[in-house]
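From first to last, the protein sequence lines stand for chains L and F.
Following the working numbering, the numbering of the first sequence begins with -5 at its first residue and continues without gaps.
Following the working numbering, the numbering of the second sequence begins with 10 at its first residue and continues without gaps.
Where hints are given, some of them may not hold.
Example chain F residues on the side facing chain L (calculated, C-beta under 7 Å, incomplete) [to be verified]:
| # | residue |
| --- | --- |
| 1 | 11 |
| 2 | 12 |
| 3 | 15 |
| 4 | 16 |
| 5 | 19 |
| 6 | 20 |
| 7 | 304 |
| 8 | 305 |
| 9 | 308 |
| 10 | 311 |
| 11 | 313 |
| 12 | 315 |
| 13 | 398 |
| 14 | 399 |
| 15 | 478 |
Derived by calculation from the structure, the hints in this document are not laboratory data.
Treat the numbers as computed from the prediction; the structure is a model and nothing was measured.
Cβ atoms here follow ideal geometry from the backbone N, Cα and C, with glycine treated the same way.
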Amino acid sequence: MTTSDQTDATTAISFRTVGVTKVYQRGETEVHALRGVDIEILDGEFAVLMGPSGSGKSTLLNILGGLDRPTAGAVFFRDREISALDAKGLTIFRRASVGFIFQFYNLIPSLTACENVQLVTEISRDPMAPEEALRLVDMGDRIDHFPSQLSGGEQQRVAVARAIAKRPEVLLCDEPTGALDSATGITVMEILERVNAELGTTTLVITHNSGIADMADRGLAFGDGRIVDTRTNTTKRPARELAW
Amino acid sequence: MTAINRKLLRDLGRMRGQAVAIALVIAGGVATLVTALGTISSLEDTRTAFYQRYRFAHIFARARRAPQHLAPRIADIPGVMRTQTRIAHDVLVDVAGLAEPARGRLLSLPTDGRPALNDIVVRTGRGLRTGHVDEVIVNVRFAEANDLVAGDTVSANINGKRRRLRIVGTALSPEFVYAISPGEVVPDNRRFGVLWMSRTALEAAFDLKSAFNDVSLALRRDAVAEDVVARLDDLLEPFGGTGGYSRREHVSDAFLRSELEQLRLMARVLPPIFLGVAAFLLNIVVARLVETEREQIGILKAFGYSNAAIGWTYLKLVLAIVLAGVVSGWILGAWMGHGMTGLYADYFGFPFLRYTMAPSVFAIAGAVGILAAAGGALFAVRRATRLAPAVAMQPPPPTIYGRSSGGGFLQTFVPQMRIRPATRMLLRHIARWPARSLLTCAGMAFAVALLVSSLFFFDAIDEMMDAFFSRTQRQDVTISFTEPRSENVLYEVAALPGVLAAELYRAVPVRLRHGHHSRLVALTGIDEGADLSRLVDVHDAPVALPPAGLVLTSSLAKLLGAGAGSTIDVEVLEGSRPTRTLPVGAVVEEFVGTAAYLSRGALTELMRESPAASGAHLLVDPLTQRRLFQQLKATPLVQSVSVQGTTLATFRAIVDETMGAMASFYVLFASMIAIGVVYNAGRLSLSERARELASLRVLGFTLGEIAYVLLGELALLTLLALPLGCLLGYGIAAYLTASFDTELMRLPLVILPATYGYSMLVVIAATTVTSLVVARRLARLDLVAVLKARE
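Next comes chain L alone, as it looks inside the complex (with noise of 0.2 Å):
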């Protein structure tokens, strides 16, 4: 299903994709993670991906971010088909405009708060000083401790410093809150929000809470491989009024 006919024809396009299909060969079985998407992400949307375990949200998310190739179709970043570029293609597109949040916040373990938003800025061309990346989320106070001193909730924050302290065009998150207890999680969504409104950075967000779908500007509901469902906020609930 298209989701062109919701465009905004004043609002560019950040992600294009054009039945991107994805099939994984797990030992002698095959497994089609992707079965045909098209997709288009305005710039400055907030959208929220759900679905169940292996309904093929995180291989999109992957392919978007240039982590992984489909096997069938293309993927377009503003006029860009990144689905055609190669490997060092893709690592300057990743470095570039891409900033990613995981579940379990994989920071280096044996690097500071500071040295994980570091290793980022470091590598990037117009980065915000990773003091400032950590006080956006309210870790000024915290940026010499190393992840295993940090909370859950705190770990979080950090990776979210340390995907927007390049100033990413998009931020794309895979369940952020996964591992959170509520109250830590929407200190967390807060900062997406605030991230997405304050800085316009295009946010897509996997999670398996459906509270969060009322924050974003689109919720794209997945099943088997497909789109199944999309439903469009007029209204956005704040991150602070979230409950679950």
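Given the coordinates of chain L, assemble chain F onto it according to the supplied hints.
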């Protein structure tokens, strides 16, 4: 410093134990290479400098009595740059405090000025003064061994007269870097001395006024030594020349070359063992690191780090370890090289020692170390760069244990054995990584092999000595006469105090020729059925003397390119100088020296003389030995006395001194390898199986039981490695004996069970201690944290 470098440093800090263990192994390889190459270049430099500065000759020859006016004709031989004639005589020397008579080599020094060739370096005291005919300078080693200083006196039997000689100084000479008395197999500084006296004194003593009996030549660069020797032999022949020979056949230089050869062998064999093991260790350690950090690698790639940047990071980690190893190896090698060169300087008589720390030596050793070790890790580093970022983001799937996953045989076999689950776990773990298990096993096997193949030298030398002294040369004392004597001398000799049995021998200098090979040797005539000095075959069975054929030692046969049945041209360089062609009747195995034998009867016939003797082998009653020596010292007709027992003791002392130090290095090195291999294998196994082991603890297994699962694997691999290492050690020893085959010495391939036992014990000890260090970490296993950690 960039964040990624900081991560690198902290990773390194976390795995410092493993890093140090690997660096140690690399250090071992680099150190042996630096030591060997550094010692080789130092010795070569020192030798060259000494030879040049003190004008060591290229050609040497002796005659009975040649007129001095022959000297200009010798100097006119094309290619000759410089000549030096002199008077040389072997005499019996009586040193106070030494029971047995010592052997002395008298050499004349020109009365006016320095000798043109074979100059000496006076170390203590002063030079000879003209007009003082009893003054003598002795070689430093002899003086030191006998506590002789300037002012002391020694007595010598010079031309039948007993003379008191006053020592005025001590000296070193390029001719006696390795001071060994003629016919002996090992140097004995107490019982062999070089005595330099004035030409005038020796001319008078030996009635050689305006004559000489020894000449040395230095050659021009373009001269052909063989041609010069041939012309020299022609000139000296009428005057009893015994054949010229070149520096290559000079015993001191030959020993020095043989020693250098041994060092080159060490440089070829040892470093590859170390570096091979280090390469393997780096490979498994970095592979494991990449495995545990796959998520971090995924993150870095997700944020835009390129494959090259990530590969470079891990390569830097490898290089950091390798560099640490290389630098420690350099330091250790320089220190050991310095020590070794010092040992050599002590052993050889060099007046100075140039320990050259040639940058090229360090560069070569460093480059070899880096290439070998980094090469080993390249595999693992490439795996890091090849991880697809999306795949890297997912946790690794559980390890597949099954019938199709490698080590198939063991995995099929194991489930059917009635064994405890813990044993089954450890067996399956070995079978799951057959290549790694095999390499771990091989690493320890190399440690055992290193010890076996280095400690075997003791066994080989013992065997060599045993073969020489107990099986072929079984006499207690050998004497030589100043002149050949008639057979009747046997009655005189047998009547000496304490002599239980005596056998005569006749020795004449000959040149043997076979094809284009030629060799100067002493042809020894021995009696049929001689029991003291006899010939035995490889199985220790006495070899019957062929009635008219020659018996050659295998090394001489090889030098001449001859075998049993070959015919050899024999040119006698004494008496009427007959020339005859003789068949080779037999070739015997002797490990030391090159020798040719003939029955004494056949030699008498060859010489066209009445039966004569050059000396006698004696079996002596030890209780009356002292009296025998006293009598021998006073017998003018005896030129030399050699005592087997003291020779053997001296040799043992030398071996213990030089090889004892080497042996402890090897024990250290083998331990370093064993520790490196076991520590890394243990830590890897622990990191892979922490969850598994913690789960067992939660299920109620004791610390001992989980230690069994972890360390049982290492114990089993060690057990497999021990016999493998012994076999490998035997192989390396076989290679060494085959390679180390100089004309002076060959090594028998003999390894005693005790050597195998000791080698295995060292490795078992190193393995046990290291395993216990790893096991201590089991006690610190945080059960809850391990189980909570994400799979």
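For each hint, the structure was consulted:
1. Hint status for residue 11/F: holds, given a least beta-carbon distance of 5 Å to chain L, under 7 Å.
2. Taking 7 Å as the C-beta contact cut-off toward chain L, the hint placing residue 12/F at the interface holds, the least distance being around 4 Å.
3. Evaluation of the residue 15/F hint against chain L yields a held restraint, the C-beta minimum of about 6 Å falling below 7 Å.
4. Taking 7 Å as the C-beta contact cut-off toward chain L, the hint placing residue 16/F at the interface holds, the least distance being around 5 Å.
5. Given the 7 Å rule on beta carbons, the hint for residue 19/F holds: about 4 Å separates it from the nearest Cβ of chain L.
6. Taken as an interface hint, residue 20/F checks out: its beta carbon lies about 6 Å from the nearest beta carbon of chain L, inside 7 Å.
7. Hint status for residue 304/F relative to chain L: holds, with the closest Cβ pair at about 6 Å, below 7 Å.
8. Interface restraint check for residue 305/F: the shortest CB-CB distance to chain L comes to about 5 Å, inside 7 Å, so the restraint holds.
9. A distance limit of 7 Å between C-beta atoms decides the matter here; for residue 308/F the minimum to chain L is near 5 Å, and the interface restraint holds.
10. A cut of 7 Å between beta carbons decides the hint on residue 311/F: the least distance to chain L is about 5 Å, and the hint holds.
11. Given hint, residue 313/F at the interface with chain L, holds; its Cβ is 2 Å from that chain's nearest Cβ, closer than 7 Å.
12. The beta carbon of residue 315/F is positioned within 7 Å of a beta carbon in chain L (closest approach about 5 Å), and the interface hint is therefore held.
13. Contact between residue 398/F and chain L, as hinted, is supported at the beta carbon level, the nearest pair being about 5 Å apart and thus within 7 Å.
14. Annotation: interface hint on residue 399/F holds; nearest CB of chain L at approximately 4 Å, less than 7 Å.
15. A hinted interface residue such as residue 478/F counts as satisfied when its beta carbon comes closer than 7 Å to some beta carbon of chain L; here the least separation is about 65 Å, so the hint is violated.
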